[in-house]
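Number of protein chains: 2
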Amino acid sequence: MAIRPAEQLIHKAAWLYYAHGLRQDEVANQLKISRASVAMYLRKARETGIVNISTSTQLFTDDVMARRLEDAFKLDAVWIAPENAYVADPSTDIAVLAASVFLELVKKGDRIGVAWGRTVYTIADIMSYADLQDVTVVQLCGNLGAPYSYRPDQCTMEIARRLNAKGLNFYAPLVLSTEELAQGLRAEPVIRDQLAGIADCDLALYSVGAVDADSHLVKCGALTPAEMTTLRGQGAAGVIAGQVIDASGEVLDCSYNRRVISAELASLRAIEKRLMVVQEDSKFEPLLAAIAGGLCTHLVIGAHMAERLLAHAGAASKKAS
Amino acid sequence: MAIRPAEQLIHKAAWLYYAHGLRQDEVANQLKISRASVAMYLRKARETGIVNISTSTQLFTDDVMARRLEDAFKLDAVWIAPENAYVADPSTDIAVLAASVFLELVKKGDRIGVAWGRTVYTIADIMSYADLQDVTVVQLCGNLGAPYSYRPDQCTMEIARRLNAKGLNFYAPLVLSTEELAQGLRAEPVIRDQLAGIADCDLALYSVGAVDADSHLVKCGALTPAEMTTLRGQGAAGVIAGQVIDASGEVLDCSYNRRVISAELASLRAIEKRLMVVQEDSKFEPLLAAIAGGLCTHLVIGAHMAERLLAHAGAASKKAS
DNA sequence: CACGGCTCTCGACAAAAGTCAAATCAGGGC
DNA sequence: GCCCTGATTTGACTTTTGTCGAGAGCCGTG
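Heads up: the sequence lines are chains A and B, in that order.
Position one of the first sequence corresponds to residue 1 (the working numbering), numbered consecutively onward.
Position one of the second sequence corresponds to residue 1 (the working numbering), numbered consecutively onward.
Hints are computed from structural coordinates only; laboratory data are not their basis.
The list that follows gives simulated cross-link-like pairs (lysine-lysine, DSSO-like), each with its CA atoms no further than 30 Å apart: (1) A:Lys108 / B:Lys166; (2) B:Lys108 / A:Lys74; (3) A:Lys107 / A:Lys12; (4) B:Lys12 / B:Lys32; (5) B:Lys74 / A:Lys108; (6) B:Lys108 / A:Lys108; (7) B:Lys273 / A:Lys108; (8) A:Lys273 / B:Lys107; (9) A:Lys74 / B:Lys12; (10) B:Lys107 / B:Lys44; (11) B:Lys12 / A:Lys273; (12) B:Lys273 / A:Lys166; (13) B:Lys107 / A:Lys108; (14) B:Lys166 / A:Lys273; (15) B:Lys166 / A:Lys107; (16) A:Lys273 / B:Lys273; (17) B:Lys108 / A:Lys166; (18) A:Lys74 / B:Lys107; (19) B:Lys32 / B:Lys44; (20) B:Lys74 / A:Lys166; (21) B:Lys108 / A:Lys12; (22) A:Lys108 / B:Lys12.
Can you make the complete structure from the sequences, with help from the hints?
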């Protein structure tokens, strides 16, 4: 891997252009290639993360609402994507913001836990490339052989690819048919090590799932709509890394959860920075549950969700007094 | 400082352009301003560090020579600027590299010690802007009221400005006329605190000065050429943060050093990352002294200097065996 | 309220960057 | 040795971006 000559050229071109501020034709002269090639190399440099263009996400934390949310829910940092939408599609707006925030939080040498879901995959897909050495991306929960492109291992691998990092997948099914089998599998050295390593992460990226018939768990066949309804009746409030949690953010005591191979919530809570991203307004309750369970220290949401959260916090504190 | 409306616009434009990848005219439409204004805002955004464009400096560490130097001198990382010069002025080449390396090493919340000299000022001058919150830049040594633009406080302030950080100057003279006065001044609470705080830095940036008539110390009137010659005779090998060191990298026992107000070498050594940048080939011996004294963990030099260092290391190890 | 002085904004032009199809090159297989 | 394949490079063209001077808005001042 000792830097191929082509890569060397990309590096040099990027260096002259971005660090020294030469124009493309000047770079072309220096390197004795055509300007068109320089343009091409520069694109590659951007795509591979040899150059990093990042925009400060301050604007979105500096908001008064964000500050109030931080206080109300004891969060380390909150980013609010304006709903009025600068841009055509409002839901990608949150994802773009989340990707920037994520890249801002990652540091060299970090170990990053990644869960799965449409949100996470959208973020991965939209995230720009970076050239982090010594970063490991680990998968937080077992796999689902779904026809979706956002399978847990896909999310992990895609993010690893973007960061130029090592991806650590684990190939156990997310959910098994019997509790015994799940228990046995969890005890397998390969799996056990992977699960144990999760608490060592420096940063986690996940969203929270809703407990309804539209949930990924249903779509992927892990649960039937009927089972979902039953779980809801039993107090299920959300889904984190494939596990069903109740309104207080604890694992719901149910057969399904006992059959799941995924990160223990305690391990997740041991991770210093837990970045939760929520796109859909419908995930209000699941988000509340996740926050209640201390599963989130950094939060990226839309303006509308932010307002609901604040209103809720206000009502709660009024009731308390 | 609650974000002025103009700044808000800059942020939004930068966000749409760099994060969402819209074209300038699309951004202009969104924000209902002319495209020319957008271009202007974007320039401001780059200038103020709202967007960060950084290029990986890997190319310069990945060099075989750099690795060998790291081994030979037990350094954490070495960057070598190719001498053949991509670009017109070879000395700025090193400074540009140093600035990039520096920005790569800085992290949020860091405390950064900055010394002074032409090299440091060149770096400050060339360094691109960044938007680091919670960063403090502290001055490592007393001031010299020189007509030069690279006074210690200037270096500190300029770097602080570029990083959007807090600058902590200290207004004591670098050198006093009597040892008693220096001692008294060092005991002053303001000065004492500043000096004590140096060991808490996470990162230091300095160069090393030569012990000759061209030295800054002479140009700024701190020492006469004759005194310099005398010091040289007494074993002076280099200048670090205004202090004269011997070949082993220890403070030389001389009146001048006792009259200086500057960071103790022990404090400097307590700093985790000590980034030393050397532009001039003539500073070979001073650099050796600084390395010997453990005053440098990260090193940025030119190719020629790198060769000399390696040759020296080779000769030394041959002699030893 | 009229007047500079100031900053901000715009339109038009010039410069730079992006793109694409054609040409060239390298290397492997026959 | 020759031809084919795929990747790289290039010149010519188009689109996008940077810049500049003119004009518009905004204030504090006389």
